[in-house]
Amino acid sequence: MSEEPLVVPGTIAIPFSYAAGAAASRFLAELRDARRIMATRCPGCRRVLVPARSFCGACWVDVDDWVEVGPEGVLVTWSTLHVPLPHLAGPVPYTLGLVRLDGADTDFLHRVAGDGSGLARGTRVRPVWGETRSGGLLDLAHFVPVTPGGPDGLRDDRDRRG
Amino acid sequence: MGHELLRVPLTLNLTWRYAAGRSFSRFFRTLREEGRILGRRCPGCRRVYLPPRPLCGDCFRRLEEWVPVGPQGTLRAFTVVHFPFLDPTTGRPRPVPFGMGLVQLDGADTTVNHYLDETDLGRLRIGLRVEAVFREPREGTMGDIRGFRVFVS
Amino acid sequence: MKWRRRFAIIGTGQTRHGRQRDDVSQPELVREAARRALEDAELHVGDIEAVVLANMELFEGRAFPELWCAEGAAALGKPVLKIATGGTSGTSGAIAGALQVASGVFETVLVVGFEKQSEGQTAAGMALTDPLWDRHVASAAIGNFALSISQYLHARGVTPEQAARVVVKARRNAANNPYAHLQQPELTVEQVLASRVLAWPIHLLEMCPTSDGACAVVYASEAVARRRCPRPAWVRAVATRHDQPYIGDLDDRLVKMRTLRSAAREAYREAGIREPLRELDVAEIYEPVSYAELAWYEALDLCPDGEAARLIEDGVTAMDGELPVNPSGGVLSTNPVGASGVIRTAEAAIQVQGKGGKRQVGDVHLALVTGYGVYAWSDVLILSSRPG
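Protein chains in written order, with my numbering: chain S, 1 to 162; chain C, 1001 to 1153; chain Y, 2001 to 2388.
Hints may be right or wrong, so weigh each one.
Claimed, not checked - Estimated spans, in silico, between C-beta atoms of each pair:
| no. | chain 1 | residue 1 | chain 2 | residue 2 | range |
| --- | --- | --- | --- | --- | --- |
| 1 | Y | Thr2159 | S | Thr132 | 33 to 41 Å |
| 2 | S | Val7 | C | Glu1064 | 19 to 27 Å |
| 3 | S | Pro15 | C | Arg1032 | 40 to 48 Å |
As the list claims (entries may be wrong) - Here are a few chain Y residues that sit away from chain C, every Cβ distance over 10 Å (derived from the structure):
| no. | residue |
| --- | --- |
| 4 | Trp2003 |
| 5 | Arg2006 |
| 6 | Ala2070 |
| 7 | Arg2278 |
Said to hold, decoys possible - Rough simulated footprint, nothing fancy, chain Y against chain C, three-plus residues with beta-carbon under 8 Å:
| no. | segment |
| --- | --- |
| 8 | 1042 to 1054 |
| 9 | 1077 to 1089 |
Calculated from the structure, these hints are not laboratory results.
Here a beta-carbon is modelled for each residue, glycine too, at the ideal position from N, C-alpha and C.
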């Protein structure tokens, strides 16, 4: 009998259902229904925190002052994945970016369309709303650079609301 | 905006490859190729361990000696499960009811937790003689023993 | 174990535990308990020097809960330790926090245990034991307790009615506890035994619930405790024992329960307790199922082996008995797994501090805490009104 060590395959398959909580639920509902990105302003440090949240982690105080931010913003940095990791929301090349939305004091992590070409730190970006209205983060599908040309590249108000 | 409370669903579906290690490798290989169950004896306390393992936790000594055990044994604990909880390896509920017990195979000092053929509580008792039922063909995993049935000599 | 210095619990806080807390995310749940504990201790976030979190992250499908919950746990910029030891997570966390202050390295430590079981499949998580040997048949806490209970019944001859009395005591006590999940002040033995069988001989109503909840305690050195707290709950002893990896290694688990016997003996010796039933004023013990409480009475040396049923039938462990056990309602009434051990610790501290309200059992000078996890892990703590 050989002494070669055995390797046993296994799987773990469990469904989960995470409670967003009241604050994040409102943030997601606004994405879904009103196509707005909401933030909350901390009464302590005065920072506008996005996504909106129920307390400021730095000041440890309750936060209930809701403000809309964006919809446009500035690309702070980005990275493009070329390795198809499991659980990505799309095929590679898959670009993630940190966006400083207009009016916000924290960076918002989300997908940026494309393979990273043509992006620069400081590029102005705008959201593209998805087909779904499911109450998940991907109701906002991704960000794209604002088209150069007009002052903000948007043709009319329909582009703002998806 | 209402006071709707949302939930975000996510199903974890992950695959693994577990190294069995030397003790389990020999155990599973013997099970697969010879249809025999092996335990391992501690030189200190003399307990025969099932599953076989490299160390005795109480004595902290290496186990070397392999000891054939079973296929008959004695039922040391039992239950009949009616609760259809999720099997984490499949994501689906395990069919109920099923019998389950702790079996002390002849020659072993520890018991093995395994399925019982019997779901009639009237027929189950501590001290009952049982025997292993093997799966054919054997693959070299725990599933090669399908469970235990009442042994009538 | 030799303590280098005295230290105490000076504040506790917990959430209203329930089946499903959809109004809060996990960090918000943690913050609810942490904030109440800080208020009770009259400390600010900046006064806490280190944080210990207790959570079984697999049950809710999250990696690194200490990341997501750092803000909620007042932990930014501080050393954080996360402990995941099954049911003992909370008491292991409570012991880790205690040792951090006992060491002299920290003056104040916050311990928060939490779980949002409604988000996952606890039984599935519990069944993720050894993939080579155990997992194909693992049937979670219900299954493995049912096996051990069949042995306990065989050895001790207790009746289902005697076990059901444990549940009636627990759920009626819980009605005095504003935080408890299952409050059933009218529950009867008949109702317990009429509920459906989950795994013989365990009925639905005699098994603990799955709960969402969090609980926090604040430890402080003697110097801080004396300055801040009129009646600290001094920590007199802690002990932990783990055991072998498979249920089949554990000979007659509930009958022998060698880890709990050994841990209790060590803790009693450390605290100078010779006759626990007589000397202890209250006990908060970790009982996931009715029969377990009977087995723990024996393992904790509250009675000779074989006499546990007498304790429950004679009312010795009732609210007005010689040693009230689980005035909070215990794990049988509330079980957010990562929190449960911290709840036992907090409830014992609440008793010592005289803050128990309707569930206060009078003057408490010595309180026992136990934790139980997986197959046979045991934790024991002893709190006292006196620093020793």
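Against the structure, the hints:
no. : hint                                : in the structure
1   : Thr2159(Y) to Thr132(S): 33 to 41 Å : violated (57 Å)
2   : Val7(S) to Glu1064(C): 19 to 27 Å   : holds (24 Å)
3   : Pro15(S) to Arg1032(C): 40 to 48 Å  : violated (33 Å)
4   : Trp2003                             : holds (28 Å)
5   : Arg2006                             : holds (35 Å)
6   : Ala2070                             : holds (20 Å)
7   : Arg2278                             : holds (33 Å)
8   : 1042 to 1054                        : holds (count 3)
9   : 1077 to 1089                        : holds (count 12)
Going through the hint list in order, the structure does not satisfy hints 1, 3.
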